[in-house]
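Whenever a hint applies, use it, and build me the whole structure from the sequences.
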Amino acid sequence: MSQHWLSGMIKGKSVEILIGWDEPLKHFFMTIDPDGEPPIYSNLHEDPVVAFSHTLADYDLILKQYGVTGVSLAPGHPDGLHSALMNDQATGKMA
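Residue numbers (the numbering used here): 13 to 107.
No more than 27 Å apart at the CA atoms, straight line, and that leaves these computed lysine-lysine pairs for DSS-like:
1. Lys76 <-> Lys38
2. Lys23 <-> Lys76
3. Lys76 <-> Lys25
4. Lys105 <-> Lys38
No lab work stands behind these hints: they were computed from the structure.
Please read these numbers as outputs of a predicted model, since none were measured by experiment.
Here is the structure:
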């Protein structure tokens, strides 16, 4: 399972985003964690059919819905996160 830890902001407060590729289950996953608080979003809190079928575009939309700034999953974004995650999926990255 690949893991990418990112720092973002929601209304001036810091949040940590964990996103990656789960090779054994063949799906992307994501959590949004405010500092020192339980996650405000986790794909594991969704219906399994939905939780295990999200695309990176879906997760980018979820970040926007929660008002997260400073993180982008858009293709071609200069931070290269989209490319890194797609590479994780293509290569079956486990760590």
